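The listed protein sequences derive, respectively, from chains A and B.
Just so we're aligned, residue 111 is where the first sequence starts under the numbering used here, counting upward by one.
Just so we're aligned, residue 111 is where the second sequence starts under the numbering used here, counting upward by one.
Derived by calculation from the structure, the hints in this document are not laboratory data.
There may be inaccurate statements among the hints.
As the list claims (entries may be wrong) - Derived lysine-lysine pairs resembling BS3-like cross-links, with alpha carbons at most 30 Å apart:
(1) B:Lys292 <-> A:Lys285
(2) A:Lys292 <-> A:Lys317
(3) B:Lys399 <-> A:Lys154
(4) A:Lys121 <-> B:Lys121
(5) A:Lys144 <-> A:Lys154
(6) A:Lys285 <-> B:Lys340
(7) B:Lys285 <-> A:Lys275
(8) A:Lys275 <-> B:Lys317
(9) A:Lys121 <-> B:Lys484
(10) B:Lys154 <-> A:Lys234
(11) A:Lys430 <-> B:Lys144
(12) B:Lys317 <-> A:Lys430
(13) B:Lys521 <-> B:Lys533
(14) A:Lys575 <-> A:Lys550
(15) B:Lys234 <-> A:Lys154
(16) B:Lys292 <-> A:Lys340
(17) A:Lys234 <-> B:Lys144
(18) A:Lys317 <-> B:Lys292
(19) A:Lys430 <-> B:Lys154
(20) A:Lys234 <-> A:Lys430
All of these numbers come straight from a predicted model, not from anything done at the bench.
2 protein chains.
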Amino acid sequence: MDVQEFREFGKAAVDYIADYFETIRDRPVLSSVKPGYLGELLPKEAPQTGESWQDVLQDVDRIIMPGLTHWQSPRFHAYYPTANSFPSVIGEMLSAGFGCVGLSWIASPAYTELEVVMMNWLGKLLNLPEEFLNCSEGPGGGIIQGSASEVTFIGLLAAKEKKVKDLMEANPALKETDIRGKLVAYSSDQSNSSVEKAGLLGSVPMKLLPANESGQLTAETLLEAIRQDKEQGLIPCYLVTSLGTTPTCAFDDLLELGPLCNREGIWLHVDAAYAGTAFVCPEYRYLMKGVELADSFNFNPHKWMLVNFDCSAMWVKNAKYLVEAFNVQRIYLKDNHNGLAPEYRHWQISLGRRFRALKLWFVLKIYGVEGIQKHVRGQIRLAKQFECLVLQDGRFEVCTSSMGLVTFRLKGDNDLTERLLEKLDQRKRIFVIAGHFGGKLVIRFAICSRLTNGDDVDLSWAEIKSQADGIVPMADLREEMKVKRSIGSFELTDTAREKIRCEKSK
Amino acid sequence: MDVQEFREFGKAAVDYIADYFETIRDRPVLSSVKPGYLGELLPKEAPQTGESWQDVLQDVDRIIMPGLTHWQSPRFHAYYPTANSFPSVIGEMLSAGFGCVGLSWIASPAYTELEVVMMNWLGKLLNLPEEFLNCSEGPGGGIIQGSASEVTFIGLLAAKEKKVKDLMEANPALKETDIRGKLVAYSSDQSNSSVEKAGLLGSVPMKLLPANESGQLTAETLLEAIRQDKEQGLIPCYLVTSLGTTPTCAFDDLLELGPLCNREGIWLHVDAAYAGTAFVCPEYRYLMKGVELADSFNFNPHKWMLVNFDCSAMWVKNAKYLVEAFNVQRIYLKDNHNGLAPEYRHWQISLGRRFRALKLWFVLKIYGVEGIQKHVRGQIRLAKQFECLVLQDGRFEVCTSSMGLVTFRLKGDNDLTERLLEKLDQRKRIFVIAGHFGGKLVIRFAICSRLTNGDDVDLSWAEIKSQADGIVPMADLREEMKVKRSIGSFELTDTAREKIRCEKSK
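Can you make the complete structure from the sequences, with help from the hints?
Right under this line is the structure:
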């Protein structure tokens with residue numbers, strides 16, 4: 111393919127993406143294909159001779175498009191958002207176009223240096239303590255990793271490194287292997303599955319302690335776990351807290367857990383993968399109080415901050431422990447700039463790195479701080495709108511509501527909610543997934559796409575309601591309803607929690 | 111940014127990349143910026159309000175471009191190639207445009223299924239044993255990972271899992287922790303630094319055994335290491351072999367090492383990160399003889415096969431051990447297609463995954479098998495051309511030559527070669543890096559860019575020669591030269607190895 115063909119193919123592909131976004135609202139969210147569909151459409155082996163780009167683009171439309179579940183559809187409400195924005199898509203393309211690998215400073219100075227500056231911008235945007243930033247005097251700093259999974263694992267490695275070092279310094283008679291075999295880590299049973307996986311990857315038992323009824327890990331629970339483990343000769347080294355848990359977007363209390371970790375020499379990691387973006391808005395920063403007690407902090411701009419996957423921001427208070435856990439210096443990686451710019455390959459799993467800072471820069475420049483704040487506030491408002499709609503229907507109960515996530519269910523046995531989920535899945539007009547909260551099956555409804563507006567939320571709710579009608583008819587329900595209260599212009603059932611004032615959020 | 115602006119920005123960015131490739135040959139390969147340059151060009155904080163895309167593209171040109179080391183320049187000869195091709199760049203952009211995350215089959219069936227088919231295409235292209243392929247009856251299969259570093263680490267995790275399981279089955283009285291603490295892994299001192307890192311990540315000592323004078327690990331060395339370790343009660347579980355080592359592109363002999371691993375129950379991993387692409391050409395497949403004895407195999411289409419970073423192809427003979435090392439099933443990841451399509455999240459570190467199969471598909475479709483073979487053969491021919499040029503200059507010695515990599519040095523003390531490297535670095539017209547071979551400092555010269563042609567190789571050599579003139583003048587050398595032999599039309603010094611017949615490769 112020569113340069114001229116690239117110009118043509120590239121522009122056709124840009125139009126293809128633009129057309130896709132102009133029609134995405136009309137597509138069923140979920141794909142209708144059956145497992146194995148694609149293998150039947152493709153030959154069994156690679157073609158011997160090349161094909162034209164026109165053929166390729168037609169095949170994308172014919173073969174790939176039917177097999178997509180449209181994450182950017184305004185009625186995709188599953189998981190948490192995975193960001194997508196036009197500036198970010200173009201940042202990704204330019205990065206691919208340059209085709210460099212930032213494995214050291216000299217391998218492309220702009221790769222390392224833009225990342226340093228972007229991590230400073232981002233840290234300031236969230237009002238993180240100065241000591242986490244590259245621009246501070248100390249040993250702290252930020253880096254873009256691929257995912258929160260990677261970060262949680264890397265944090266664990268650093269925590270192990272630090273604990274082994276600390277104990278051996280305090281008691282030189284100790285053997286390293288004896289310490290390593292006794293290390294233990296904690297998180298709550300509400301943390302993401304990747305936290306448990308990090309324990310498997312890092313060969314450290316990751317104990318998932320029970321959260322309280324609000325989905326938070328308490329200091330009391332942690333303290334008791336530490337006590338028991340220490341009694342058995344184990345060595346606690348790492349706690350993964352969540353600011354915005356996966357099931358319900360609950361926030362652990364860092365002011366409560368932090369001092370305990372600091373006192374016990376436990377590395378405190380804060381996983382704010384989704385909700386961290388909200389700290390761009392000053393009114394939500396109270397939820398991260400105590401972050402100065404943490405050793406590492408992570409959030410994913412690729413979730414809620416309009417930067418395409420992958421872009422996971424990680425800060426550490428002391429990068430020394432990362433570097434020492436990783437550093438393998440060989441001559442073919444030699445360079446003369448150590449110390450003047452971080453050698454990020456020693457902060458991460460892989461040697462090579464894409465230019466992820468570029469798409470982040472594009473998003474911050476083109477949206478500006480105000481654009482991102484507007485995006486966050488708008489999505490939280492849409493979640494409130496949805497919550498109000500659910501609360502007006504007495505067949506449902508809202509279980510939790512936090513940031514852009516509402517969990518709810520049909521009152522009564524779990525099988526009612528399970529049937530509702532099945533019906534919604536079959537119709538493919540919206541995409542929601544199941545969760546568990548307080549021992550009950552719930553539906554997680556997240557505002558995900560940046561395209562979602564008030565009408566979309568109304569449509570998604572109408573879809574849910576219409577399918578619920580086949581399970582619990584409205585008429586039956588009206589008879590069952592015992593308590594009604596009126597708040598403002600809404601008629602609310604007894605499920606309405608006092609603290610919600612729907613009329614205010616409209 | 112609305113859809114119309116995206117069309118404009120996107121097309122301008124396509125043209126920007128096209129223009130870049132049309133001018134790349136004229137740019138100095140290495141960047142001239144000083145560490146910290148970029149921080150001085152950017153504000154200290156993110157902009158409060160958004161900027162126009164025109165401003166952003168201008169800033170790319172003004173701020174980023176001077177800080178790039180041009181990996182796709184035809185005179186970039188450092189490390190190994192990092193692939194870049196137009197079809198691949200567009201695949202990356204479309205994948206970003208769709209903005210899905212393939213964390214399960216239903217999360218976008220095309221993501222999983224195209225990857226399954228592409229890994230079959232690729233495996234057949236390399237003539238891998240059937241049992242590694244997804245399309246075989248057995249438990250084998252292929253997956254795209256991010257890097258060879260990740261793969262080596264994941265292979266180690268699977269190897270640990272298997273060894274623990276095997277030993278506990280054989281002897282139920284054994285305790286898991288006792289086994290884990292005694293595991294040990296091997297590779298050669300010629301393997302990539304990521305292999306040593308994998309040991310650190312996986313908490314298993316990775317012993318780097320001395321390679322022979324050809325850069326290969328011998329069965330004799332491995333056998334002795336196993337014997338010693340077993341004597342000390344250790345449990346060997348993992349061997350990382352290299353087909354194409356990083357320093358010199360040497361090939362371990364799988365037919366020699368494989369039976370030993372199989373007999374000892376050691377997981378045999380084959381790292382063919384760079385050179386694996388050569389197996390697309392039947393004439394190089396003799397170098398992977400014995401691959402059927404391996405448990406896992408890896409090569410990076412993002413190195414030599416024209417697919418943009420990241421795209422690292424991994425196959426395992428039994429995926430069960432991967433899945434068991436990783437599997438953390440939670441309700442919010444529930445789906446109904448287990449068994450019908452692989453759930454790749456259980457084969458890798460992160461939960462989320464980009465649509466990397468798309469760019470691989472684009473490359474295979476647009477180049478075709480013949481196009482890729484032509485690319486590989488052409489680059490090997492260029493390396494031969496370079497080797498012949500070096501051999502004609504009696505001041506130099508060629509140390510190794512394999513695939514697209516030639517290592518060479520100025521005869522005599524290392525400091526001559528070191529001075530030459532410094533001069534080349536300062537002039538920034540070509541980019542080569544240092545290596546060590548047989549205790550001597552060498553220069554690694556790799557054919558990297560798909561744009562490199564015979565004239566570029568001549569120019570790169572002229573640059574090296576001109577800088578050598580300031581260190582060892584031609585005249586002096588002529589007096590020192592003792593032995594000369596003539597092969598065909600070339601005058602060769604005593605460093606010319608018998609087996610090379612330059613005239614044949616011209």
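Okay, the hints, checked on the actual structure:
1. B:Lys292 <-> A:Lys285: holds, 15 Å
2. A:Lys292 <-> A:Lys317: holds, 13 Å
3. B:Lys399 <-> A:Lys154: Measuring from Cα to Cα gives roughly 24 Å; hence the hint holds.
4. A:Lys121 <-> B:Lys121: holds, 5 Å
5. A:Lys144 <-> A:Lys154: holds, 19 Å
6. A:Lys285 <-> B:Lys340: holds, 21 Å
7. B:Lys285 <-> A:Lys275: Holds - the C-alpha atoms of A:Lys275 and B:Lys285 are around 27 Å apart, at most 30 Å.
8. A:Lys275 <-> B:Lys317: Satisfied, since the Cα-Cα distance of roughly 22 Å is no more than 30 Å.
9. A:Lys121 <-> B:Lys484: holds, 28 Å
10. B:Lys154 <-> A:Lys234: holds, 9 Å
11. A:Lys430 <-> B:Lys144: Given that 30 Å is the threshold and the Cα spacing comes to 24 Å, the pair holds.
12. B:Lys317 <-> A:Lys430: holds, 25 Å
13. B:Lys521 <-> B:Lys533: Cα-Cα ~17 Å, so holds.
14. A:Lys575 <-> A:Lys550: holds, 20 Å
15. B:Lys234 <-> A:Lys154: holds, 9 Å
16. B:Lys292 <-> A:Lys340: Holds, at about 24 Å.
17. A:Lys234 <-> B:Lys144: holds, 25 Å
18. A:Lys317 <-> B:Lys292: holds, 24 Å
19. A:Lys430 <-> B:Lys154: holds, 25 Å
20. A:Lys234 <-> A:Lys430: Holds, at about 22 Å.
This entry satisfies every hint, going by the numbered hints stated previously.
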